[in-house]
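Visitor: From first to last, the protein sequence lines stand for chains A and B.
At position 195 of the first sequence the residue is numbered 195 (this note's numbering), and the sequence of numbers has no breaks.
At position 105 of the second sequence the residue is numbered 105 (this note's numbering), and the sequence of numbers has no breaks.
If you're looking for bench data, these hints aren't it; they were derived computationally from the structure.
Being a predicted model, the structure only gives us computed values, none of them experimental.
Every residue, glycine too, gets a C-beta built ideally from N, C-alpha and C.
Derived contacts from chain B toward chain A, CB cut-off under 8 Å, selection only:
id, residue
1, 43
2, 45
3, 46
4, 50
5, 77
6, 79
7, 129
8, 169
9, 177
10, 192
Per label pair, the in silico range of CB-to-CB distance:
id, chain 1, residue 1, chain 2, residue 2, range
11, A, 610, B, 162, 43 to 51 Å
12, B, 162, A, 666, 54 to 62 Å
13, A, 500, B, 41, 19 to 27 Å
14, A, 507, B, 96, 38 to 46 Å
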Amino acid sequence: MLKNHLVFSLLVLFCTNVFSQNTIIGKTLAQGEAPLTSAHVHIGKKTVSTDLDGNFIFKNVPSGNTTIHISYVGYQSIDTILTVKNDLKLVFYLKLNNATLNEVLIKQKSSALNKSVFEQKIKMETIEKYSNQTLGDALKEVAGVSSLKSGSIVVKPVINGLYGSRVSVISYNVRLEDQEWGTDHAPNFDINAAGKITVIKGASSLQYSGNAIGGIVIIEPISVKNDSLFGKTILNFDSNGNGGSVSSSIHKNKKRGLSWNALSTLKYIGDKEAPNYVLSNTGNREAAFSGDIKFTGENYDMTSFYSYYKSVIGILSASHTGNVNDLYNSINNQVPSVINDFTYNIKNPKQDVQHHVAKLNFNYHFNEVTSIAFQYSFQLNKRLEFDVRRANYSNIAALDLELKTHCINIDYKRNLHDWSINSGLAALIQNNFANPATGIRPLIPNFDKTDFGIYGIINRDFSDSFSVDAGLRYDFSKTQATKYYIKSRWDERGYTNEFSDFIVGDFGGQWLTKPHFVFNNFSGSIGFRKEFENELNCYVNISTAARNPNPSEFFSDGLHHSTGVIELGDLGLDKEQATKSGITIQKKWNLFSLEINPYINRIQNYIFLKPVGFETTIRGAFPVWEYQQTNARLSGIDIQTLWNITNQWEHLFSFAYVNGKDITANQPLIDMPPLSINNKIKFSKKEWKKLVLELKSEMVFRQNRFPNNNFTTNIIENNEFIAVEVDVSTPPPAYHLLNLYSEIKFKTFKKGITTLAFSVQNILNTKYRDYLNRQRFFADEIGRTYQIQLKINY
Amino acid sequence: MKTKISNNQFNLKMKKMKNLKITTLALGALLAFSSCSKDDTPPVNEEELITTVTAVFTPQGGGTNITLIYKDLDGEGPTAATTTVSGNFMQNKTYIGAVTFKNEAVNPIEDITPEILTEGDEHQIFYQKTGTLNTFTYGMASSNFDVNGKPIGLQSVFTTTGAASGTLKITLRHLPNKSGANVAAGDITNAFGNTDVEGTFNLTVQ
Chain A
1 MLKNHLVFSL LVLFCTNVFS QNTIIGKTLA QGEAPLTSAH VHIGKKTVST DLDGNFIFKN
61 VPSGNTTIHI SYVGYQSIDT ILTVKNDLKL VFYLKLNNAT LNEVLIKQKS SALNKSVFEQ
121 KIKMETIEKY SNQTLGDALK EVAGVSSLKS GSIVVKPVIN GLYGSRVSVI SYNVRLEDQE
181 WGTDHAPNFD INAAGKITVI KGASSLQYSG NAIGGIVIIE PISVKNDSLF GKTILNFDSN
241 GNGGSVSSSI HKNKKRGLSW NALSTLKYIG DKEAPNYVLS NTGNREAAFS GDIKFTGENY
301 DMTSFYSYYK SVIGILSASH TGNVNDLYNS INNQVPSVIN DFTYNIKNPK QDVQHHVAKL
361 NFNYHFNEVT SIAFQYSFQL NKRLEFDVRR ANYSNIAALD LELKTHCINI DYKRNLHDWS
421 INSGLAALIQ NNFANPATGI RPLIPNFDKT DFGIYGIINR DFSDSFSVDA GLRYDFSKTQ
481 ATKYYIKSRW DERGYTNEFS DFIVGDFGGQ WLTKPHFVFN NFSGSIGFRK EFENELNCYV
541 NISTAARNPN PSEFFSDGLH HSTGVIELGD LGLDKEQATK SGITIQKKWN LFSLEINPYI
601 NRIQNYIFLK PVGFETTIRG AFPVWEYQQT NARLSGIDIQ TLWNITNQWE HLFSFAYVNG
661 KDITANQPLI DMPPLSINNK IKFSKKEWKK LVLELKSEMV FRQNRFPNNN FTTNIIENNE
721 FIAVEVDVST PPPAYHLLNL YSEIKFKTFK KGITTLAFSV QNILNTKYRD YLNRQRFFAD
781 EIGRTYQIQL KINY
Chain B
1 MKTKISNNQF NLKMKKMKNL KITTLALGAL LAFSSCSKDD TPPVNEEELI TTVTAVFTPQ
61 GGGTNITLIY KDLDGEGPTA ATTTVSGNFM QNKTYIGAVT FKNEAVNPIE DITPEILTEG
121 DEHQIFYQKT GTLNTFTYGM ASSNFDVNGK PIGLQSVFTT TGAASGTLKI TLRHLPNKSG
181 ANVAAGDITN AFGNTDVEGT FNLTVQ
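Looking at chain B on its own, in the form it has when it is part of the complex:
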């Protein structure tokens, strides 16, 4: 099993040995560079964080805008998010909703919405409702669709009829399966991907 080898092969091995010497040198250099410790580093700048979701619903034909804000300034910290709803929706109105995402933990405040629009094919916003509220649908403006013609969902349409109440859950999914069954229609069931933002609001129509 163990045997002497031919001259040819031996030269090959000698070459390997030379490499070894080089690595030994490299190793020495490595040691020399490794002994200094680094000074205190600044706190991590969490640029990617989303702290605030704002949905502004503008009634067509005049009326008061309704603004929904979901804010969590400490990110993964223990402080719970806060929810504000500026008022009640009016009956028999069509509201055009526009969602924006911000990072308010950095100075200056960063608007992340354009980034989501640019990467529209990797994102989708879903609107789920409970109670007697009517369904939220996607706005049909071309800016609400990605390069493949699939909805992004930054714009929504909410048409009210009679008095109603319930909750609205706005979810931003990263890398959803946009071809999943009913996903293009706004159904989150088969979307998968992972949730970047999830905010729930109590709404009333009166």
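For reference, chain A alone in the conformation it holds in the complex:
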């Protein structure tokens, strides 16, 4: 805590450094000399609103050229360059324009409800580079976001060390409900459908979810200028996996009337290759479609949206192990036990997931500052996991889950020139169905869940450069599950006394139980943003939020095949309560800018898997890991810099470090991302067909802080039993990767632009393993990949 105070005091000292420069006084008038009140005036990074007489004032404007932008609903905006040498006095006349209503309103749709939290954005040009990869890969562009992988296709985002149900993905204003609790379940989303991605670290985004104590990822659609029609096609080919993808989209936008978008993507990729061998059964297929129709009226708009996503992902053959002896052999062998020739075929084990989203939106604008939005969304997630099974069972999924979610959101916004209020409510009904036809006891039982949430966020601008925000959210959640427990497990878990009222039926060796849970949670966020004269911004925020245990934490009671561990849930788990304090300092110099973000996240009742012993089954011995709770602390720092060395040369740097600690047991938390440092040098030359060349270095250090969960097992060697250690804890060594990206642009069609890109990932064909890849026990990561991308805009 002391350290925290010190950082804060330093920051205040650092920030109070003020320069005095020129003052610009102005007046905005409509034709006919009527003053325009509350017109928006921007100079550089600063924004003010005009007073009742149409007057505005900017102090401390640096000498030199600066842009001024004036906008007012219903009038044509003014955008011009001022040469500032000394104090200025100006009068602006705005012309009437009947059709600009939407122009300003679009800005209100910004996700920045909490101005005290610095949001990191990934732009479309960057997203397009990942067209052949996944959402999780693209998110790594943001310092502090890493990924938890199972192979190379199943990529889950990790924000400041937290993942799974601690991170929500909001796609097109719908929170994805896609069995995100699973460590080997990637977000069911086609990266090509993202126009802009925003990452908010921590629990401050109360509009969306009280549960997301790690952070949220907000995906916004591709946005198109008013009254335009344009299309885009991206073709990819990857040498590694010998496959590629094609994604096409068409967008039509009208200020008034009908707008629509349609997008479809197909991917077909075969086995990936590590530097020394084929990663057998790692091919994947993906098909996605999304489309919407929007009608915009004078003061309202209505949208209907539908998206479909299907993905079939092969799981590395060698990662399917049986008991601890099998795991010991895999770890010690260092080479996958199954290596076949390259193929496009996908065998078991594999995942086959489908996700449908359908939604209806209605937005009504009472006036230019007040609006209300209604949304109904339906999601259907169908997850099939096929395992290596005997005889005729191979064609029957080993896990067959169907998750249906209905959600209603109502959001009210009122933005006045020095304060804004956002409030709303969300109601959700969810049903999970675990198909018993699998012939395997389901990992997750059938359940019905009802959620209700209500929130309010107030933002007050005390001056042009200082704003404070505060928010509060209440969530109610009720879950009713139906699950069969093997009687011996029920007793072993110690449920006999505590949860006997859950038992509703006796089925021989099993109890039929109906566990039910009710949670009442409060989340809150408070913070401020201070903008200083010399392009220095400080964001300070403290937020607290609770997360309820997810189905796997409550109900798991069996073998997790990809880890060879028996995982046991606990009906007695309580919710996690996280409190995160974060500061972001953003500083811009002429050619150099810096963002630095230290944080501390204290989590009470942090839920984690703890090794507790062994169980011997007919398949041999298995380690038993149990969901337990502790008090944890995650502290860390993310740094990003951008240096425009010359017009042509640019350098980008990012640094992320997180330190996760189990405070109660005084030991490191498992699966914390190791220190990573990225450097990118970019060369661009407009004259040479807008040539861009980028060389990126990715340095991932070894995680030296990890709990020791190793165990011993007996194997027979030379006709004697000997005890051997199964090393499931030691992180792999550090690694360094070099990636190249290059592109040139051509003019095609009339005004269309075609981009041809060539990239090489892992140029040196480095052999490495990653600590946060669940398959690191079985195989190396993928080797060198050449990629060609053709992007056509029309």
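Starting from the structure of chain A, add chain B where the hints point.
Guide: Then chain B, alone, in the frame of chain A:
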């Protein structure tokens, strides 16, 4: 970058729009079907489970059969497996072993052995011993080999000499690398695959 497009292309887009309407309709239908919740489903019938391994060793030239049983009725449940050995092996005898696998958690009890025999090329049974026991080898009957001529291992041969003791570990591997070094000779070291059954018995020859 953003521009109007030709008539031709526009028609194409109109078609897409029609598709959109269809999907919107489909979506409506989907909503209509989704609102009913399912009744309680019966407990999962774990047909694939193996609960019991039985190895019967028959002495050639007469004598008492020795039966080894390894049983775990609750599958992945917490109750440990039980082991029974019907008696001691006699000295200087050749025993022919036959292993069977059953699922006793279902009614009627299911014999899984024929399934393993049918999928012989995907399975192999290994016999590992410790202590002073002699080595267990595969029986040479043609039914003990798969379509590729590799051993399945349901039948074993155990020849005793003098008094001895130790353990026998019987392992059923699914999808082993049957071409791995020494795997055909019964050495599990390079077999990989995954373990479906692993049972250990304490044996005595006297």
